[in-house]
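Trainee: Based on the sequences and whatever the hints tell you, model everything.
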Amino acid sequence: MEQSLSNAFLILFVGMITVFVVLLLVVLTGKMLIKLVDNISYDKLEASPTIKFVPKLSEYEDREGIDRKKIAAIVASIDVITQGKGYITKVEKLS
Amino acid sequence: MEILEKLYEMTAIGELINSPGTLLMIAISFLLLYLGIYKKYEPLLLVPIAFGVLLANLPGGNMNVIQATAENGIEHMTILEIAKNHGIMNMLYYTLIKTGLLPPLIFMGVGAMTDFGPMLRNLRLAFFGAAAQIGIFSVLISAFLLGFSLKQAGALGIIGGADGPTAIYTSIILAPELLGPIAIAAYSYMALVPVIIPLVVRFTITKKELKINMKQQEKLFPKKVKIKNLKLVKIIFPIVLATLVAILVPSSVPLVGMLLFGNLIKEIGNETNRLFKAASETIMNTATIFLGLTVGATMTAITFLNQETLLIVVGGFLAFAISIMGGIFAVKIYNVFSKKKINPLIGATGLSAVPMASRVANEIALEHDPRNHILQYAMSSNISGVIGSAVAAGVLISFLS
Chain R
0 MEQSLSNAFL ILFVGMITVF VVLLLVVLTG KMLIKLVDNI SYDKLEASPT IKFVPKLSEY
60 EDREGIDRKK IAAIVASIDV ITQGKGYITK VEKLS
Chain F
0 MEILEKLYEM TAIGELINSP GTLLMIAISF LLLYLGIYKK YEPLLLVPIA FGVLLANLPG
60 GNMNVIQATA ENGIEHMTIL EIAKNHGIMN MLYYTLIKTG LLPPLIFMGV GAMTDFGPML
120 RNLRLAFFGA AAQIGIFSVL ISAFLLGFSL KQAGALGIIG GADGPTAIYT SIILAPELLG
180 PIAIAAYSYM ALVPVIIPLV VRFTITKKEL KINMKQQEKL FPKKVKIKNL KLVKIIFPIV
240 LATLVAILVP SSVPLVGMLL FGNLIKEIGN ETNRLFKAAS ETIMNTATIF LGLTVGATMT
300 AITFLNQETL LIVVGGFLAF AISIMGGIFA VKIYNVFSKK KINPLIGATG LSAVPMASRV
360 ANEIALEHDP RNHILQYAMS SNISGVIGSA VAAGVLISFL S
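In order, the protein sequences belong to chains R and F.
Each residue of the first sequence is one higher than the one before, counting from 0 in numbering that gives the first Met the number 0.
Each residue of the second sequence is one higher than the one before, counting from 0 in numbering that gives the first Met the number 0.
It should be emphasised that the hints constitute simulated quantities derived from the structure, not laboratory data.
The C-beta atom is built at its ideal place from N, Cα and C for all residues, glycine as well.
Hints may contain errors.
[To be verified] In silico SDA-like pairs for lysine to any residue, Cα to Cα no more than 20 Å straight-line:
#1 F:K223 with R:I39
#2 R:K30 with F:E217
#3 F:K97 with F:G116
#4 R:K34 with F:N228
#5 F:K225 with R:A75
#6 F:K227 with R:S3
#7 F:K225 with R:V90
[As the list claims (entries may be wrong)] Have a look at the derived ranges for each label pair, beta carbon to beta carbon:
#8 R:T81 with F:L243: 30 to 38 Å
#9 R:S76 with F:K339: 47 to 55 Å
#10 F:K214 with R:K68: 43 to 51 Å
Mentor: Okay, here's the thing in structure tokens:
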């Protein structure tokens, strides 16, 4: 009985430490990946002459006088449909 | 007269009259069906479980699951022999459940439906998913002191992880004889998250703490790192994490590994869209049907109507409540040492029950401050709770099996 009870406490101790360690690794891995991917993506953008920087939402709004919410919806749709590969170069009001 | 007697013997009426326990189990199945259909308590699983209970308790149907013993020698039979001698429900149970196949398949579907985005955006909140696993281990000790064996206590404690497939997977390995009541308790309490979280919150969080506005804190203490390519991070993350978890806690790989695989095929996008659809719809739904029916079929009058079931129901509730409190107090301790405060409701969502726990926490926060939307923050600890409970299950299995 005593042996089993000490085993139960050991499981409590080891279990909680393990869960914390794994989630610490989740946090560290996540942070490391974010930094790494950000660096790679940034380098790629710098190196590639074909990729243009997408104008900010406020620039569309200023130039075209289109509602900011509509622009945000268009940008988000293009982002989802093209899975982040596409971007908008021009937004024009037809009438 | 003889014909009438034979007709009476052919029906199950005689057996039902002679066994009031069976009648009570049928009544319980009706109650569970009512809760699933009318009250909408986790209907996707509660309805198959309840119907499994009903089928198992109808005399003469041969649909109840029989636990393997040395006398009946089921574990040494072929699938055909099990089907022939003990019916198709036992064949399904020993093929799909006893082998531990269905919970990992369900985890794959859960992974395919999970978005790690909120967690990656608020990584430090993931720690509270660890603190909320305390209920699992503290109830393990309490259950052992109440007379359960260590294996049974471990299976009971895992209810505190608030994760149905994890609870079922752990029970299959550690205490298959308690599978039915543990599954019912786990899914019932998951359905009761909107009741249990507010109850625990009322006694543990002050009104001042409930008003901590997460977005205001973000403005006061902005993040140093901003994610520029979340899509790519979300693809690499499950691969790296699966590798790390496999090295650290190999026994949790069937659950965590499948969860992360499901997530990977979702995040890749169009190229693996067919796999994603199969994992999140076809396989997930099929697995859920068979899991529910077979788990329900383990619950006969002999296995369910006893003192152990009552203790499992009470212990399960305690495990749940302690897990919620664990997360809340972890946030409170963090707030003592940090300038950037966190709403303790974030800690309350550290148990799995995704996304219901987050929704409930968000509603409580909005009640106290209509501008305080904490959903995306709560999802971070909520998702990390899924990983945390699967890892906790892995620890229990590797120590106790």
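Trainee: So, against the hints stated earlier in the document, which numbers end up violated here?
Mentor: 3, 6, 7, 9, 10
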